[in-house]
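Make a model of the complete structure from these sequences and hints.
Here is how the chains run, residue by residue.
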Amino acid sequence: MLSKVMMHRIVTPEHLEELREKLLRDRASKTTRISVCAGTGCNAAGSRGVGDALIEEIRTRGLDTSVELKETGCHGFCEQGPIVVIRPQAIFYRQVKPEDVTEIISETVLKGNIIERLLYVDPATNEKIVREPDIPFYKRQSRIVFGDNGEIDPAEVSDYITVNGYSALAQVLSHMSPHEVIAEIKRSGLRGRGGAGFPVGTKWGFCAKAKGEVKYVICNADEGDPGAYMDRSLLEGNPHRVLEGMIIGGYAIGASKGFIYVRDEYPLAVERCRLAIQRAREYGLLGDDILGRGFNFDVELAMGAGAFVCGEETALLASIEGQRGVPRQRPPFPAERGLWGRPTNINNVETWANVPVIVSRGADWYSETGTANSKGTKIFSLVGKINNTGLVEVPLGATLREIVFDIGGGIPRGRKFRAVQTGGPSGGCIPASLLDLPIDYESLQEAGSIMGSGGMIVMDEDTCMVDIARYYTAFLHDESCGKCLSCRKGIQRMDEILTDITEGRGKEGDIELLEELATVVKDTTLCGLGQTASNPVLASIRYFRDEYEEHIKRHYCRAGVCRTLAKSPCQNACPAGIDVPRYIWLIGQGRLDEALAVVREKVPFPAVLGYTCPHFCEAKCRRGQVDEPLAIRLLKRSAADNDNGLWRANSRVLPPSGKKVAVVGSGPAGLTAAYYLAKLGHEVTVFEASPVVGGMMRLGIPEYRLPREVLQREINEITRVGVEIRTSSEVRSLDDLSAQGYDAVFVGTGASRATDMGISGETGASVLHGVEFLMDVNLGRSVKVGKRVAVVGGGNVAMDAARTARRLGANEVTVIYRRTRAEMPASEEEVEEALREGVRILYLAAPVGITGVNGRLQVQCTWMKLGGIDASGRARPVPVEGSEFTEDFDTVIAAIGERPEVPDGYALSLGTGGGILVDPDTLATSREGVYAGGDAVTGPASVVEAIAAGRKAAVSIDRYLGGDGEIDEQLAPPEEERPVIVEEGERYRPPVDMLPLAKRFEGFAQAELGFDEARAVEEANRCLMCDLEES
Amino acid sequence: MSTHSSKNDGGLLSTLQHIQDECGYLPEERLKEVARSLGMSLVDVYGVATFYSAFSFVPRGRHQIKVCLGTACHVRGSSRIRKEIEKRLGIKPGETSEDGEFSLDAVMCLGCCAIGPVVVVDGSYYGHVTTAKLDSILGEIRHEAHAFKGNDA
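As they're listed, the protein sequences go chains A and B. Going left to right, the first sequence walks through residues 1 to 1031 as my numbering numbers them. Going left to right, the second sequence walks through residues 1032 to 1184 as my numbering numbers them.
The calculated lysine-lysine pairs, modelled on BS3-like cross-linking and capped at a C-alpha distance of 27 Å, are:
no., chain 1, residue 1, chain 2, residue 2
1, A, Lys567, B, Lys1164
2, B, Lys1123, A, Lys567
3, A, Lys97, B, Lys1097
4, B, Lys1118, A, Lys567
To spell it out: a stretch of chain A is covered by chain B in this simulated footprint if at least three of its residues, at any positions, have a beta carbon under 8 Å from a beta carbon of chain B; those stretches are:
no., stretch
5, 221-227
6, 256-267
7, 306-313
8, 462-474
In case anyone wonders, no lab produced these hints; they're calculated from the structure. Since we're looking at a predicted model, the values are computed, not measured. Quick reminder that beta carbons are idealized off the backbone N, C-alpha and C, glycines included.
Structure, rendered in structure tokens:
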């Protein structure tokens, strides 16, 4: 052993260079170098098995001399683990399994063939990518600190030496004075990567100048910020780089001893550091007379023991000294009085890892990267609701948009971006409106957050911002050391208030109280933990105040995260609040009539919804994370199709109130309001301008989706409770209604004025508007379309128009949509059926002009590409220059949207989009006694949203008329105890019978035939009954 | 690792860590010895030991289960995973099952955020954990625990 150590020991800088050259020569003799990532992420995905299999395969094939295998530290792209990279070609294989290994050796290593199935597929382009540097995740990074991780075995100091390791140390010891080193670091502009961003050179200068024989340097590896793991990956993947930085720092400051204070939750990092220290000692890179240049320096490990506050430097010192990790007043700063009272310099892991590259490539080179005041790169741990999770290193000044969308690949499952939390519990959330903010220390602070150690947690629409603030505050409440009263009690109070809000006990004034407490805690605490503890709360109030208010006033958590407020994700997502799990369970028991009664407790149109609802519930169904969401819409349809009238038994109509209500418009909002108001005893008259009843349910939705008799049955139930409906009765002025003795009015006139495309030639006779086209067809008017039809738009109206055109004899129908399928607002099944019926969809295309030529329409289009997302969280389409193309059509149908058109005679205040302005809580308009809801207020939305508005208006109108607004009824038999079910692996939806294609074009017969009872029962039994979960 | 021996030179923390590694927790008897040898009062030793969450004062189970509640895991639903484990093992974080087989700990970030939600069983990391996957994760050690008992008997 001794002789081996002697053999390793590097005694001069020249010796180090010789060793490096020899190692590089050895390496050159290998024709293939394979790296297997053995970072914690890949390890959890099974990289150890892959590594073992590779070792075995290389050995049995006798390839040891030509193929080198390395188990490296984290490559950063943890999402794709286990990762195998084959050099020199840099072939990148992901999600490799041990059974792939034989083929990797026989095909790729020996024959140079690529194994397609192991390649990374770029989700943006669907292209397979062969080489690691070509993958967008890597291509857009600048990995000057983290890059070596993928190439070296962290257990081997020789590997670090081959990538120029310890050359900066040799340079410093041979050619630079301590003063020159500090000057170089100062010139580089490097700032502390632990969070606060203090200039590193200046800090070193303080410590170097401090009086004292004995000085210390410390590496702060107490990476306690939940959601950040860059320090862990550096220590595990490249520990010598951190050591080299510390030795250089020790030389510059005049310290001969260093400590690495590392979290005990990082066992692998501890092991790697311990080994690195041992190896460095063997090689003469630590200890006495390093590289023969007379400098003595050694490093020891100190283990943390689970206390977040120990990331605070004075607390960390107390912990190394073996005391409670409680911070103390500064000054004196550790640079003067640190560990055991001696001058001490503390930097974090990433800061130390930056030092060698600054020395070897120079401050000038280094400071070319970054912004005016923030130089170099920063490693972020990009995690949470993001496609490419992992560690990313980018120049300071990169924007969040670049990090989240270009490198991170956006949000999984087409969800909307909400916010990014930077700085962990000490930082704040950054909303979509600030995505273009260049990230540096100052810009983040101005936005109400901080850089922190580099955690970047991406949140989507399913993240509750109040819950996140509560989460961080609870964490800090737990981690406060208790020294300062305002931190100890102030954070506790904030935690209590936030918990109240998330559990439905929030009160008016809570937000203001939180703001006040937050300010006090910020201003009156000793250390960084307390001073930044308010950031998560203040930032989330600043950007998401409306969510706080929803929790407090409406007891509603839009993300469905707060369990006390959201019984189950499906019910929470339903605008009408239907008790989904309860009726699904009843269907599962074969009790379809009782299930229908549950649905009818909230809506008077169960069948319409069962046939046509866009089912927001299914998008949130938790079963979707296991295999496939429940077919909730179809189940509702099954219940509605099997109506035996059981629900009527408990349905009550109150005695006449003597009040008269006029409802304008017989769409879902108007009829719902009318139904509940009539049941409350009011005399209700519905005025409908068109000759038929049902609004968009009758005029907009094609008959093949909603058969007339199905709609008519539900309308009959509305007239049965006494509602009078007058068709062909347009209301031009609300004054007329008051004159006729109506005590209150509900306006539900919808949104059917088509939006123009704003392009030349769109006023021609063969250019139709989607909604008008559908209305004409639904009214039985003669509508002619040509053989080739273009439909512009991507919503349900566009799909309805395209499928209707097919049924009217068009044999080539093309939908032109400016975004991709993922952004399409149309229901998934509508798009599917349109495609099945032969409709062609051009994605990322938009018309720019229409010219009539010989009775045909020439449509000039341009291809689009998706830019960054806009403030609404959707990707913005931008034209691709010079990509124009032309297609010929006989008919063009523009279905790009509709807006409300409210007659001037109503004298109501309108919003910018033409919708009626209402109080969101009561739906009261600017005129007393007049309420409004549905598309007339919101612009085009869904039937279920209109029904919800109708219900809300009925409550308000009843109260206005002196009633109690109580419209809830128990129609189903009392709820009984349901057994909690146990998941039994993956199970998918049973098939749905569909009308054969050939029959569909004969007329407007319904296309989707629904589940039979047996299948409905089978499907309902897949429900996980999330509502039974304890909160 | 450390040869320090007085109370302020770091010896206390590393001594406590050593005892915890050896016994799985900090038995009172051993803490008394530590106090005697470092010339500290027992209350001061407890003062330090209770400050750090890594230390336990009760024996731990044969199998250590850690569930990560770090932010990245939290936004991906780790609290449901925690509840499910609690339900299946009948213990809360910080507790040990009556048969001494399992201990459960809730940890704030294990530093493998990319693969959250994360559960660690006896040092093995499991990523992208769902309630469905818990069956096999816990099933494995259940099985082992049974086999172990079988051998004992």
